Structure formats: C-alpha cells, structure tokens
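Chains as they are written, first to last, in this note's numbering: chain A, 7 to 151; chain B, 7 to 151; chain C, 7 to 151; chain D, 7 to 151.
Please note that a few of the clues may not be correct.
Heads up, the list lumps identical chains together, so a pair's fine if it works in one copy or across two of them.
As the list claims (entries may be wrong) - In silico BS3-like cross-links for lysine-lysine, where the CA-CA straight-line distance does not exceed 30 Å:
id: 1; residue 1: Lys11; residue 2: Lys100
id: 2; residue 1: Lys25; residue 2: Lys112
id: 3; residue 1: Lys25; residue 2: Lys100
id: 4; residue 1: Lys115; residue 2: Lys144
id: 5; residue 1: Lys144; residue 2: Lys28
id: 6; residue 1: Lys85; residue 2: Lys36
id: 7; residue 1: Lys115; residue 2: Lys85
Calculated from the structure, these hints are not laboratory results.
Predicted model, so just to flag it, every value in this text is computed and none were measured.
4 protein chains.
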Amino acid sequence: MVESKTEKLAMAVANHMEKGDKFSSMLGMKLVSAEAGEAVVSLEITELLVNGHGICHGGVMFSLADTAFAYACNSRNHKTVALNCSISFLAPVKIGQILRATATEKSLKGRTGVYDIAVCDEAGETVALFRGTSYRMKDFVIETD
Amino acid sequence: MVESKTEKLAMAVANHMEKGDKFSSMLGMKLVSAEAGEAVVSLEITELLVNGHGICHGGVMFSLADTAFAYACNSRNHKTVALNCSISFLAPVKIGQILRATATEKSLKGRTGVYDIAVCDEAGETVALFRGTSYRMKDFVIETD
Amino acid sequence: MVESKTEKLAMAVANHMEKGDKFSSMLGMKLVSAEAGEAVVSLEITELLVNGHGICHGGVMFSLADTAFAYACNSRNHKTVALNCSISFLAPVKIGQILRATATEKSLKGRTGVYDIAVCDEAGETVALFRGTSYRMKDFVIETD
Amino acid sequence: MVESKTEKLAMAVANHMEKGDKFSSMLGMKLVSAEAGEAVVSLEITELLVNGHGICHGGVMFSLADTAFAYACNSRNHKTVALNCSISFLAPVKIGQILRATATEKSLKGRTGVYDIAVCDEAGETVALFRGTSYRMKDFVIETD
C-alpha cells in the first residue's frame, strides 16, 4: 500500500502531536491512522478510567474524541485549535472495552472547520457522537522542507 | 457555619462518587463543595495534562467541568447521567495553573435538567464554558436511613 | 411502491403535525417524506426569510431542521419534544435557493433519542448541520385503532 | 439618560440590521436595546408561531435568541456571523406570551466570540438558554464618519 503525500503529512503531524500529548499517552490512547481531514484513535478502558458510577468517565470519551479531532483538524500542518465541541452520550461503556474514535471533516472554509467524531466499541456500536468547531492559527505544527 | 440538610446530602453523595471516580482522582481533581444542584471542583494543571500543542488538553478541561456537573446533578441522591454536553474553549491554560469548575443548576423539570459550568483560573478568568443536559435514572446513589 | 406499516404511521403523524404547524406553513415548508425515525422537509428561501445581512436568517435554517427533527422523533406516534439542539452554519444561503432538511435517527434508548439533520441546497451542498436530543412524553400524537 | 458612544453605535448598527431583517419583522420581533456586546429583543407569541403540538415552535425561540445574538456580536460595527449555536428548551411557551431575549458577551478574542442568550417570559421565567459562537468578517455593517 502506497502512502499518499497528504497521508504522509497527516501522519507526520499526528505522530509529532502524539509524542507531545502527555495526557492522551497517560490514558493509553493510540493513533491508528490519519489522512487529510481524518484521523482514527483507539483506547482501552481500564479500571483507572471510570467515574463515580463505575462506568467509563464521560471525560474519557470526550478526550478520546477530542484527540482524534485534533489530529484531523491539524492534518494539513496548520496549527488549529478547538473553539467548541459537543458530545452526546449514547451508551454506557464498561471496563475492558476498546473504543475507537473516527474523525471526519464535514466542512473547512477560510479559517474554520466542522468535524464529526463517532466513538464506537469493538462490536461497532456507537457509544458517543462528538461534533467540533475548529479555528486555524497562523503557525505550522511541524517544520517541513 | 452550620451545614444545611441539603448540603449534607449533596456532600455525602459527592464524597461517595469521588471515592469511586478513579479517573478524576488520577488527574488530581478535588471536590471543594457541593449543595443541592451545585458543586465546585478544582484541579492543578500538571505537565502530565498537556496536549500536542503543549497546553492543557481540552479533554482535561471538559473532564473537570463534567465532574462538577456530575456532583451537581446527583446532589439530591437520584442517580443521574449526562445526555449531552457542550464546551466552549475561551483561553489556553498553561502548566501550573489551578482551575476551578463551578456547576450551577439552570433548570430541573421532571427527569431532565440543564447545568452551566464555568471553568476559571486563579485570576478569576473564565477559560471554558460548559453546558450539560442530565437525565435522572430510577436508582439512588447512596443508601440513607 | 408499497408503503410499509411504519411509513404509513410516520406519514399520518407528520401530516397531522404539519396541519397544526402554523409557523412552518407560514415559512413555506413542505413535508417530503417520513419513515420510522426519519423525515425530509423542504423550503424555498424567499425574500421574506432573510436577515440583516441580506442572506437566509439562521433561524430559518434552524426552523427547517427542527421541523424535520420533530417529524422524525414523533414518527412512531409517541409525543416527543426537543430537549436541546445545536446547529453549525457551513455556508450562506441566498434568496431563491431551495433547501432540504433530512433527519436521521442516530440513537433511541428509553425515553431519549439523538437525531442528525443535514440541510442541503439544490446542488447537494450541505449548508448546515443540526443535532437534536429528544425526550418522549407519555401521550400519543394521533389516535389510531 | 445620556447615550454612550458605544451604545449609540450599537443602536445604529442594530437599527440598520433590523430594517433589513425581513424574517424577524415578519415574526414581529422588536429591538429593545443594544450596547457593545449586548442586545435585547422581544416577541409576542401569536397563533401563527406555533408548532404541530400547539405550542410555540422551537424555531421561533431559536430565531428570537439568534436575532439578539446577531445584534450583540455586530454591535461594534464589525460584520460578524454565527459559526454555531446551541439551544436548550426549558419550558413550553403558549400563545399570548411575550418573550424577551437578552444577549450577553462572554468572550471576545481575536476574531471569535461566545455569547449567552437567555429567553424569558413576562413572569421572568427562563424558557430557553442559547449559546452562540461568532466569527468576525473583514467588512463593516454600516458606514460611519
């Protein structure tokens, strides 16, 4: 399988960001793939990631989706930040489940973009839906030749 | 200062939930106060809580607000979960800052409620605004006599 | 083409609601189709529907999406209301364009549901993305035998 | 009462926008006041503004809040548009009620802002909470000397 130019750049940016992202590393997130406007990140729900009701903390699901969102909206190497995000929780998630967040670019015009991120479990059930609005800064994420 | 009955119950519920909330403990969150429909939670941003741009991860700010939201909407001892949440990021947060999330009940009708959570830094600047919609289940959180 | 039982019920409910919906009639909305958890509504943007910048009012786009959402979440004849909705505006809409809102059920568990509504113009471009959370009441919308 | 310079500009911009806003005029909205980052708009709910359940259409409440949001975020005469908005519906609204939407600026940094709009009835009860994210364009709304 040949990597396209856009995929190569998206992966280089995501790898760089993942390296600096101490929080997502601490939780155990793993970058699965990245392309222009797209990214997939996975996470196993351990017993350290539960809330006061004994199920996966909503903040963990948000963080997973937000991380995929960050890789997707920075994928063209323009430093981009989140303006606002919303998340709908569809099903409780238990310890041991492996979640996967898939980010898709729905719109990119001028400096702002909209991304949809679906969080699914291993059985393919959607457990959360996230939508993020991004804003492009003037810097680059990584240096390229 | 005398604790009211509602405050006593809200604190008992929040203390119980905090004990089981492995995720917020791992991040270093601390319950500051709770009353009927209200809660305050604080968190120091350490170097483990940054994202790929070197600033506090959006998921950390969300998790802090979401935890205050959980204590506030469970404060009357009815097990209550989040249906959906939105967050607006107003300012970047650096390592070393101490954040405080303050949850306020804006509406509670039948089984659903709306809560506003403001996340502020030590200087009192609002760094994020969170709004959550809650749904009451049939169980209680803790046993009372 | 044979109408299924679920489609027949969804259309009967939507037709009944459309008849009583004075606001969407005033704007010129037309029910295109309805099925269990789904609905399509269309609207031509006339010169009466613009805002102070001379383009289609954001409230018009919201109202169109919200109406499709209402038909979709009431489609099984359980009276259902909106708890909260969010909308992202992707492109300005001019006088003369014909918009179409397509509502899709993403989740329905217990009394709450999540619906995605895409608003597109005639060329198929998405001009707005809407997400709604619904709550089922105890009544029916129409009487059936 | 002496009008400040900022209030004078905000009112001039809002008056200009209101004149062109055919949609809000058709619904019967009235600009009550405007200041830098703030605006109040009122609306009487007539029988033309109801939905298929016989109560005020959610799109009407959204449109009212969105109009106050527009006046508030354009109040400094920089043409500004909505990126996304969310609304929580707290109580049904009946024919004959007079609603008032009050927009407040929560943040304005660079080209983006966050505004909270509360929609209240005559008794002061909050019937909807709206939050909007704005984006400043490069044009002005009105010409000034």
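Intra- versus inter-subunit Cα pairing at 30 Å for Lys11 with Lys100: neither (39 Å within a copy, 34 Å between copies)
Intra- versus inter-subunit Cα pairing at 30 Å for Lys115 with Lys144: Classified as both; 15 Å inside a copy, 15 Å across copies.
Same-copy or cross-copy closeness of Lys144 to Lys28 [CA-CA at most 30 Å]: within (24 Å within a copy, 38 Å between copies)
Alpha-carbon proximity between Lys85 and Lys36, which holds within one copy, between copies, both or neither at 30 Å: This pair counts as within: shortest intra-copy Cα distance 21 Å, inter-copy 33 Å.
Identical-chain pair category, Lys25 with Lys112, by Cα at 30 Å: Classified as within: same-chain Cα gap 27 Å, cross-chain 34 Å, threshold 30 Å.
Up to 30 Å CA-CA - Lys100 versus Lys25, copy category: So Lys25 and Lys100 pass the 30 Å test inside a copy (28 Å) and across (18 Å) alike.
Up to 30 Å CA-CA - Lys85 versus Lys115, copy category: For Lys115 and Lys85, both the intra-copy (15 Å) and inter-copy (17 Å) Cα distances are at most 30 Å.
Going down the numbered hints, you'll see the structure goes against just number 1.
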